[in-house]
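Chemist: With chain A fixed as given, assemble chain B onto it according to the hints.
Residue strings, one per chain:
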Amino acid sequence: MAIEVRIPTILRTFTDGAKAVDAKGATLEELIGDLDSRHPGLKDRLVDKGALRRFVNVYLNDEDVRFLGGLETPVADGDTVTVLPAVAGGSR
Amino acid sequence: MRFDSLIDSVGRTPLVGLPRLSPSQDVRIWAKLEDRNPTGSIKDRPALWMIEQAEKDGLLRPGCTILEPTSGNTGISLAMSARLKGYRLICVMPENTSDERRQLLRMWGAEIISSPAAGGSNEAVRVAKGLAAENPEWVMLYQYGNPANWRSHYESTGPEILEDLPSVTHFVAGLGTTGTLMGVGRFLRERVPDVKIVAAEPRYGELVYGLRNVDEGFIPELYDPDVLTTRYSVSSGDALRRTRELLSTEGIFAGVSTGAALHGALGMATKAVKAGERADIVFVVADGGWKYLSTGAYEGTLDEAEERLEGQLWA
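The listed protein sequences derive, respectively, from chains A and B. Per our numbering: the first sequence ends with 95, consecutive numbering throughout. Per our numbering: the second sequence ends with 373, consecutive numbering throughout.
If we strip away everything but chain A, and leave its shape as in the complex, we get (with noise of 0.2 Å):
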């Protein structure tokens, strides 16, 4: 089993255009590496100096890794990456 990095449409150039890749990795900061192994050009769209960008959002399993432990938050076999440029907002 692997792990499911879904990619939003605005980097699924990186990809070939497909909307969900497999990855593998202990933690999101492997997961994304052996993400760029394959599909280079996608490490740099996320992280910038270590950390997440400012305006890409990830979640694991629908939950936001910056509450988690951001790229060191540990990912297993199963789980679901979600990957979605941020907008932050009210809705009410």
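Since the hints were made in silico from the structure, they are not lab data. A hint or two may mislead.
Distance condition first, Cα-Cα at most 30 Å in a straight line; then the derived DSBU-like pairs of lysine-lysine [said to hold, decoys possible]:
| # | chain 1 | residue 1 | chain 2 | residue 2 |
| --- | --- | --- | --- | --- |
| 1 | B | K187 | B | K114 |
| 2 | B | K187 | A | K27 |
| 3 | A | K27 | B | K329 |
| 4 | A | K46 | A | K22 |
| 5 | A | K22 | A | K52 |
| 6 | A | K46 | B | K114 |
| 7 | A | K27 | A | K46 |
| 8 | A | K52 | A | K27 |
| 9 | B | K143 | B | K114 |
| 10 | B | K143 | B | K187 |
| 11 | B | K329 | A | K22 |
Some chain B residues flagged as far from chain A (calculated, every beta-carbon gap over 12 Å) [unchecked claim]:
| # | residue |
| --- | --- |
| 12 | F61 |
| 13 | R78 |
| 14 | G144 |
| 15 | D222 |
| 16 | V256 |
| 17 | Y290 |
| 18 | E303 |
| 19 | G334 |
Where a beta carbon is used, it is the ideal one built from N, C-alpha and C, also for glycine.
Modeler: The following block gives chain B in isolation, referenced to the frame of chain A:
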């Protein structure tokens, strides 16, 4: 229960267990039924608190006009209070909110100004701020930045939960104005060691976000990330699936944003089970499903319902 008037009956809503959706005896999930408020949503609390604070501050006098950016529930709550207290109400709402909400607002006597769908609630806020600047005599209560919003939950929702469930370990609610999470969160943090405050925010399709510039993301003035333990981002599909699950397994007919909160509650429940920890997880049923019937959320397959919901604001 007896009250002097409808306004006096706001709050004191039931907290009900979900024996079928709770994973075990040690990890239990509870629903705070905010649809049992006078106009059918949790917004009756902040609406009343904001109006009464403005009255105390001398900003609101009978005959005054209230202006508010709202995608529905807050407007409906304000419309009810405004009618009973003799104020005129103008609501600014995105044009892609459900028809029931518009009808309800008009029924209680509110006037509606539409803002472009593409900008969502953020655009409604911008339009309302512009109108307020042009009409200085109007009173904008501004739920996104009015401390009376979070105080309503600090003084009513929070104490009710702790009284009914002293063993509470988690509180989960939708993230909109952030008032519910800030108010209940602060109240519980002062009284319950290690309580977890969990936000569930809607993740809309790209039709809703498409024309937005991500750099312009709007963060409500009330928001303080330090109150939160974690944040869930819930897709329309997951919110719909959980809304239907709540209805089919526990009999609770709730709006779609409640499905998102339940998704977060179940996520935290799974983590508690894995960690071998006991948990009493309270989540908010913000409103009933009535106002969303026309969206088709409850009919046909999930995929069909999700497609129909595409481009609509459901929280």
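Chemist: Can you give the numbers of the hints that this structure goes against, from lowest to highest?
Modeler: Failing hints, ascending: 2, 6, 16 and 17.
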